[in-house]
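Undergrad: Both chains come to you apart, so use the hints to assemble them.
Sequence order for the protein chains is A and B.
When we follow the working numbering, the leftmost residue of the first sequence carries the number 1, and every step to the right adds one.
When we follow the working numbering, the leftmost residue of the second sequence carries the number 1, and every step to the right adds one.
Source of the hints: derived by calculation from the structure; they are not laboratory data.
Derived pair list, reagent style DSS-like, types lysine-lysine, alpha-carbon separation capped at 27 Å:
(1) K261(B) to K394(A)
(2) K261(B) to K233(A)
(3) K259(A) to K49(B)
(4) K109(B) to K154(B)
(5) K233(A) to K335(A)
(6) K49(B) to K109(B)
(7) K232(A) to K261(B)
(8) K81(A) to K259(A)
(9) K246(A) to K37(A)
(10) K190(B) to K49(B)
(11) K109(B) to K59(A)
(12) K37(A) to K60(A)
(13) K261(B) to K335(A)
(14) K118(A) to K81(A)
(15) K155(B) to K254(A)
(16) K259(A) to K154(B)
(17) K156(A) to K37(A)
(18) K6(A) to K60(A)
(19) K109(B) to K2(B)
(20) K254(A) to K154(B)
(21) K155(A) to K37(A)
(22) K60(A) to K109(B)
(23) K59(A) to K156(A)
(24) K155(B) to K259(A)
(25) K118(A) to K246(A)
(26) K49(B) to K2(B)
(27) K2(B) to K259(A)
(28) K232(A) to K81(A)
(29) K127(A) to K246(A)
(30) K254(A) to K2(B)
(31) K335(A) to K81(A)
(32) K127(A) to K233(A)
(33) K109(B) to K199(B)
(34) K81(A) to K261(B)
(35) K155(A) to K127(A)
(36) K154(B) to K2(B)
(37) K109(B) to K6(A)
FRET-style restraints, in silico, Cβ to Cβ:
(38) E56(A) to D152(B): 35 to 41 Å
(39) R138(A) to G234(B): 40 to 46 Å
(40) K155(B) to D112(A): 28 to 34 Å
All residues carry an ideal CB built from backbone N, CA and C; glycine is no exception.
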Amino acid sequence: MALTIKEELCTVCGICVRVCPYEGVVVEEDTAVLTEKCNLCGQCVSACPVDAIVVELPKKGDVDTSLWSNVWVLAETEDGKLKNGTLELLGQGRQLAAERNCSLEGVVLGDDCEQLAKDMIAFGADKVYTVEDPVLARYRTGPFSSVIAGLINDKKPEMVLISATPQGRDLGSRLAARIGAGLTADCTGLSIWDEEPLLLQTRPAFGGNIMASILCREARPQMATVRPNVFKKPEADPSRQGETEKIEVHLDEKSAMTKILEVIREDGGEDVNLVDAQIIVSGGRGIQAPENFALIRSLADALGGAVGASRATVDAGWISATHQVGQTGKTVSPKLYIACGISGAIQHLAGMSSSDYIVAINKDPAAPIFDVANLGVVGDVFEIIPALREEITKRLAE
Amino acid sequence: MKIVVCIKQVPATTNVRIDPETNALIREGVESQVNPFDENAIEAALQIKDAAEEECQVIALSMGPPQAEDALRDAIAMGCDDAILLTDAAFRGADTLATSYTLAQAVRKIGDVDLIFCGKQAIDGDTAQVGPGVAEHLGLPQITFAIEINLDGKKVTARRMLEDSFEVLECRMPAVITVVKQINDPRRPKMRNVLKARKREITQWTAEDIEADPDRIGFTGSPTVVWRVFAPEGRTGGRTIEGEPEELVQALADEILEIRKGLSTA
Chain A
1 MALTIKEELC TVCGICVRVC PYEGVVVEED TAVLTEKCNL CGQCVSACPV DAIVVELPKK
61 GDVDTSLWSN VWVLAETEDG KLKNGTLELL GQGRQLAAER NCSLEGVVLG DDCEQLAKDM
121 IAFGADKVYT VEDPVLARYR TGPFSSVIAG LINDKKPEMV LISATPQGRD LGSRLAARIG
181 AGLTADCTGL SIWDEEPLLL QTRPAFGGNI MASILCREAR PQMATVRPNV FKKPEADPSR
241 QGETEKIEVH LDEKSAMTKI LEVIREDGGE DVNLVDAQII VSGGRGIQAP ENFALIRSLA
301 DALGGAVGAS RATVDAGWIS ATHQVGQTGK TVSPKLYIAC GISGAIQHLA GMSSSDYIVA
361 INKDPAAPIF DVANLGVVGD VFEIIPALRE EITKRLAE
Chain B
1 MKIVVCIKQV PATTNVRIDP ETNALIREGV ESQVNPFDEN AIEAALQIKD AAEEECQVIA
61 LSMGPPQAED ALRDAIAMGC DDAILLTDAA FRGADTLATS YTLAQAVRKI GDVDLIFCGK
121 QAIDGDTAQV GPGVAEHLGL PQITFAIEIN LDGKKVTARR MLEDSFEVLE CRMPAVITVV
181 KQINDPRRPK MRNVLKARKR EITQWTAEDI EADPDRIGFT GSPTVVWRVF APEGRTGGRT
241 IEGEPEELVQ ALADEILEIR KGLSTA
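For reference, chain B alone in the conformation it holds in the complex (with noise of 0.2 Å):
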């Protein structure tokens, strides 16, 4: 069995900021780590790994700079048997399209793959949308949003996390599952593994190595662009009291009430 685990590295904190001359976003000082999601990504294709009676391979997938080698140490720390990553000047400024095209040609090249596991999202990008992508590049069956999984054989049965319900699919493998957090809780890495992945040579492939068709990477192969950046208008609080229960309560009440009679359904 071979399981495929497509990671990215992010910022390790969304409290990004801008800067207000240049409309840039301020990089410096942020570390980077494995987007949180992908981490979940990750555990459960090595849940699988621990619990299969055949041989079971899980292979860490990453498009990115040359840092991003850091994020596939973290994964292979963890547990994942190779890391490959997709590196080229090639790909820069690749959207959701271009990305999931190049990571797809990536898992053709790996090839004989069963399973290709995504976190939910990238909490950078928050969109959701590469996932699902892969699976259409690979003419694969998707299960988005994955809160339990189950193997049987050729076939999987996962559980989904809708907006009020859940909903369990079946299909038969190969398929792409993108996971949410509420899956599992990620093993922490054990310190001599962390030593021992820092020196692990991790395999670079280039646009040409995984035959990428030069339309359909980075920028040209990205239909989307972003023409500009900018700060949220700053929500700043607005009055705060305090005071015996029953004026809270009364002020409350007033507040509440006056804009539930502004809504339709109310």
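The following block holds chain A by itself, in its conformation from the complex (with noise of 0.2 Å):
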């Protein structure tokens, strides 16, 4: 990968060296020119007004890919915490680390990283890299990839694993495509293939109707999103040592490229993370009215988990559409997901197929849930759920 300058473009405008977050490039008399600081992390290049710099992705057999080494994982936080997904890709980060006998490292970007780093390190990683900046207060595309390619471009690790969430995917797309590495996308199953010490990445694809499995040969690094609860999260080792290395950076506000204008919680704040949870009580259709999703909510409270919900209720304007289990709403692999009133559409069972233990209640003994359910139930949910609540709740408490 390179970056050139071109001399006769360049207006000696400044804003490269402005936006740069790692002091890359400079001014001369007659043109910018970049420093030995320059990690190649692509931020000059879309700022630079006149297109005087360019950049050139490796090729195919560019790429000395023996220079390429450790495992990295990305970490998500929410609220100051690392959330689930980044711990369990700390877990099976490990795993692959152990097999290619090299380090584990993770990587955080946000105002204040210590304790992250720390809980990273209880976590399993060896090694720590930390950016802290007021722009990184919470998660924007352009200055997240920005830093964390310069980091790559610099550190060269093997693999990057980054979770498959909505930020997880908008910042694994960008970064692949700034520094010209393999991503792929949801993955289910990570290994070392038995054949070449390459990253086996296994993903479901046409909604789980077939899997692939996915190699990046000649390019590094190899990177994948990974789909949040497939993987184990690992027991935190306080006592486990590692090293933090702070990363300096100097950003600017105005290169941020998009600006935040508002967080909206949903219902107040209170909600289960759906991607998240362990357990998920949907609805759908079965449930008949709005006001019937307080009967799903009462069960999901009592066992502790998250409320989901069918295309059709969502649709129906019953509960809001970041409920949504399904391929037009979110992908969920919890350990229990139980489903109540829903009969199984296809596009539901794309969503929700790859969960442990499924249970679904439903009138209609012929309903496709029953095919994928581990355990169906033929019932009347209005006569089931109230007294499976009470049920709950009565043995929780003795």
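TA: The structure is reproduced here in structure tokens:
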């Protein structure tokens, strides 16, 4: 990968100097020039108003793969804590690193990273790179992709793992395009290939009707976004020792490309995150009326789970779209999925059939949901759910 | 104002099967359609056009084999002003990186584009990687998973759908926006427009037309390769029980609490 400044086009406006996070470019009398600190993050390329800076991405065969080592996990945080998906990546990353005989390293960006770095080490990282800046307080595509692209080019990890959340998918694809890396989306299987030491990335396609195993032979790093809840969350070991390296950056709010105007939490922020939830209770058309989601919610609350919904109920306006499970909604894989009054259209199954254990309650014994359920109950949701909630509350109290 | 909508022709069902002998996708008898999320992207663009006071042109853009023309005709029938098909043997075997580069080159050739819309992902690959890839190759801001869009002069604000919250972002145009299903209900084209669209000449561009670097398109420009495709382990139904509600509730509570016991955070 290479960056070139075309002197004949450069107007010496200085924008590249202002936007560079790494002091990788300075202006001289007639042109901007790269310094040895440039690590090819690419931030100046899109910022240059006269297209005087061009990047050349690596071509197949250009990359000396032997220079790239270690497994990276990019942290995703919420309310100052690492998200479950990140912890699961540390668990799986630990195994990959052991097999490749290399380190597992974490990367965390934010306005306060110290505790997060400690947590990453406790959950399995050998080393953590922290990047602190007010501009990084909340995830944004522009600054995050520039900072991480630079870090990747500088440190050369062999693999980069990211959660397949909306944030991870937004970041991963931007980042991969920036550095010319291969990226596999929404993986549910990660292992070291038995023929060559490559990351074998397995993922569902066609809404889960087929599986594909994907390799990235020549480009580096090998990048994957990974479906949350598929890999086991490791146990924290607070006594684990690891190294933290602080990366200095210079960020300019003006070059962030986007501004966050507002963040709106649903249900007063009380709601459990559907993608992260270990238990989901979902309602479908069979619950008949919007107010009956209270029934679904009461069972979810009793179990400490989240509320899901079929597309039909969302389209009818019974519940907000953030609850929708299925091909046009969210893909979830909780340990326990309880489908109440959901017939099980193929689009719904695409979003939940990778759940560990599926319970279905439906009046119609011919409903397709029973074809995927571990336990199917033919019955009336209005009779069963209130009684079930009571029984569960009773037993949990004992 | 000029808007480009990137669309993909996909199989009309995701219920595809694999030949157990050859491990190849069985494509016979599977009809094609415009990727459903891309219909939302087209609708989002057309709503801007409908509301625009100035002249507004909406161009549908697709990379694919010659028969992907049908998808572009559907886009024209919905109301797109123009359609361009990127088709060339050299584009074959493209992964998301090569695809997004190819689309970005075409957007450059179209020129002076204010907004680029994509569906959040295609229902065959399910990657959600092409929209941000296009944005990166063009050096533009991106807003993914948009559920509401507002334009104000040269600024665009959009509400994004995250896992359990929404985020409102603002950026300057030109920008790339990917949309979720819930943003709108795509219009059904009038029959006369469907018939008219059938006769429309669809512009075709090759790799040379978009001045694509041969090393960055198709199989050559794709870092990832599919090593193998296989059928998932079929999920078969377990037991189904019927009976008195009281018995069913007991059976359910037994099973559910047993699983819950094994969870780390419960």
